[in-house]
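Since the structure of chain X is already known, use the hints to place chain D on it.
Okay, here's what each chain looks like letter by letter:
2 protein chains.
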Amino acid sequence: MGIETAISESRLWTLLMELARYGATPNGGVNRQALSSAELGARRYMIAWAKERNFGVTTDGIGNIFVRRNGTDNSLAPVLTGSHLDSQPTGGKFDGSYGVAASMEILAALDELGISTRRPIEVVSWTNEEGCRFFPACIGSGVFAGAFSLDSVLPLMDPDGIKLGDALAATMKGMDLDAAVRPASKPHCYIEAHIEQGPLLELANIPIGVVTGFQGGCRIKVEVTGQEGHSGTTPRRTRKDALFSAVEIISALKQVAQDQDDILRFTVGRFEVFPGSPNTVPGRVVFVIDMRHPDNTVLRSKADEVQQVAMASAGSCSVDVMEMSYRPPSGFQPAVIDAIRQSAAALGVTHLEMTSGAGHDAVQLDKICPTGMIFIPCWRGLSHNEAESITPEASAIGARVLARTVVVLADR
Amino acid sequence: MGIETAISESRLWTLLMELARYGATPNGGVNRQALSSAELGARRYMIAWAKERNFGVTTDGIGNIFVRRNGTDNSLAPVLTGSHLDSQPTGGKFDGSYGVAASMEILAALDELGISTRRPIEVVSWTNEEGCRFFPACIGSGVFAGAFSLDSVLPLMDPDGIKLGDALAATMKGMDLDAAVRPASKPHCYIEAHIEQGPLLELANIPIGVVTGFQGGCRIKVEVTGQEGHSGTTPRRTRKDALFSAVEIISALKQVAQDQDDILRFTVGRFEVFPGSPNTVPGRVVFVIDMRHPDNTVLRSKADEVQQVAMASAGSCSVDVMEMSYRPPSGFQPAVIDAIRQSAAALGVTHLEMTSGAGHDAVQLDKICPTGMIFIPCWRGLSHNEAESITPEASAIGARVLARTVVVLADR
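As they're listed, the protein sequences go chains X and D.
With the working numbering, letter number 214 in the first sequence gets 214, and the count goes up by one each step, no holes.
With the working numbering, letter number 69 in the second sequence gets 69, and the count goes up by one each step, no holes.
Hints are computed from structural coordinates only; laboratory data are not their basis.
Just so it is clear, CB atoms sit at the ideal spot from N, CA and C, and this is done for glycine as well.
Incorrect hints may appear among the rest.
[Unchecked claim] To give an idea of the interface, some chain D residues facing chain X are shown, with a C-beta separation under 8 Å as derived from the structure: (1) Thr-233; (2) Thr-267; (3) Gly-357; (4) Leu-382; (5) Ser-383.
Extracted from the complex, chain X is given alone in its bound form (with noise of 0.2 Å):
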């Protein structure tokens, strides 16, 4: 009997509902931000669930938890799957959550079956994801791929000062997993399944999407620098006005940005304006551009264009245009991402190949090891946000294709 007979809809779904008790805001949302007291509430919970089931539990110096179910051959590399438990400070219950409980689910599942596996098979929950509290973001699992150091992350620092060195240590004390480390090896391959934070699959009305990597992205800084003025007294055609130089400078970029395929993502979403007094003509202006694609032709080329644009729309004020981050499009390799495709084939669901608009721990798994992800449909695409939502029909059936997917790789 196939793996996916066993994932139970309502188990699931009150995993999920569990998880979301931790950090929950009024708003129906989380606050659960890495390393946080309610993100060890979460921890612990997994933790509790685990080794009430004779799973066992480790962590490693990042403070990742890795949730173990023996295979036949335990000399094998793991299949590691999974996600993270940390929130965006207004976050929803979803992203990071989903994946780790419907790993969580399949262990579940296949302890219900008696079904052996010849690979062990992992469950993680990175830390550290958001990258909201803790910048960057994907910190659990870049050190675990050899991204980062670890002696480089802890001294990092949160808005209240707060370094990452002290939150690992209090959350570790918490977890009570010390003796307990995971041998440091590459695990077989990688899969995460995650909520899409973006519309496609539900506008399509399709229940999984099959990632086939990730788009590119780049930030870009720009400084409009003008002069101070009063704004009583000085003149329109004295005023060197940075804020509208500005608004004419985002006005040209949008229509460079405008494709008709509605493919480039182009967003400001930070823009600073100095010294920000109604009664003062703004002399500066900083703001973010941020553009992804998924082809690095068109994204180097949209990028290279900023620069010309600004100038010819600045007025007369002038403009600096750095351009701070640049990550061209990368792709899976195809092991794991065919085994989705077979899987949601075999179980007669209908996918859409996409590439993830959003950064994950997949990334950063993706360096030292076959990866792919799965998405699920969210109510408008929202992510980011208290409003997230998903169907528990939906949550099932990502399930139902994780679980294969991971028994799949698991026998290999």
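Chain D in isolation, oriented as in the chain X frame:
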């Protein structure tokens, strides 16, 4: 011999440079916010200056300083002249100080020539004109003119949570004038000399502005509400980007504000984006429009257009427009401004009639006595800026016109 012959350009300039030492900044400006220790230094300098010359020095409940030179009939109401010693945090050496120093120079010149006036002359420095440490502006003159009660302003707090009452008590103690309280009596008239804080006199190459009144002004708050979304995943067609809507609204309003004669002052000085993360499509933008015009019909009609233009340009977002304040234009009574015109003419100095774009203590005094203002040119119209600058020659011409006007009015 006319009083103007005794006005000393070098003595006045020395006085201005002495005052500029209090709160001096490395960039050549001053940070001498109201009731700070730097401002107390300037107050003590003014008081010592007056005592050395045997002028009477008094204060009142809100800490305004009055330096009095008696007339031949001290039962008559005094002619009041002056300005303020407080500055913006990155202010210049002349905003406020010029009017105080020019008035002090007049008393010195009167003594030098041994001139007696019929009425007493009082030189005033008003408390907290700028409104940057304690909001609103013009508190000292407002309390003097009865626009605010003393009790209503004492609990006001600065951005650090310090109460005006406590800062005032420290300043009062430091001034050491406890027993010398100015009798509550209306002045005969009020004259304030000030830098223009705009470029019109410099552009026209005219040394004196006769201020006939204040332009009207209004503040309008615009709140644009869209929907937060992930900047990597949300397609353009499903976005409700509050920043992009705000950009469209401001572009449209700029067209509305484009008057051919360049009289309307249209500024968006405060503009805040939420949540302000590069990773999130902005869900909310709040900005404040400052509009000013000397003709009430024009100002009212432009202010009324904002709502309709904002709604027409908001795209997929909703918009809320709120008029926070509206002050119609007002003209000074003729008594003082006629005297200024005649003094300038008698001294052979050309003048420009103008309305004041900025607010001043004279707005408050205008409520209780005939009032007028004299403007002098400042470099490029810059003010509220450390680069604020005037020439010694311009400062002396202004002081001569002020001196003659004060003496004429004090002899009436």
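Hint by hint, here is what the structure shows:
For D:Thr-233, the interface hint holds, the least distance from its beta-carbon to any beta-carbon of chain X being 3 Å, beneath 8 Å. Taken as an interface hint, D:Thr-267 checks out: its beta carbon lies about 4 Å from the nearest beta carbon of chain X, inside 8 Å. Annotation: interface hint on D:Gly-357 holds; nearest CB of chain X at approximately 3 Å, less than 8 Å. For D:Leu-382, the shortest C-beta to C-beta distance to chain X is roughly 7 Å, which falls under 8 Å, so the interface hint holds.
For D:Ser-383, the shortest C-beta to C-beta distance to chain X is roughly 5 Å, which falls under 8 Å, so the interface hint holds.
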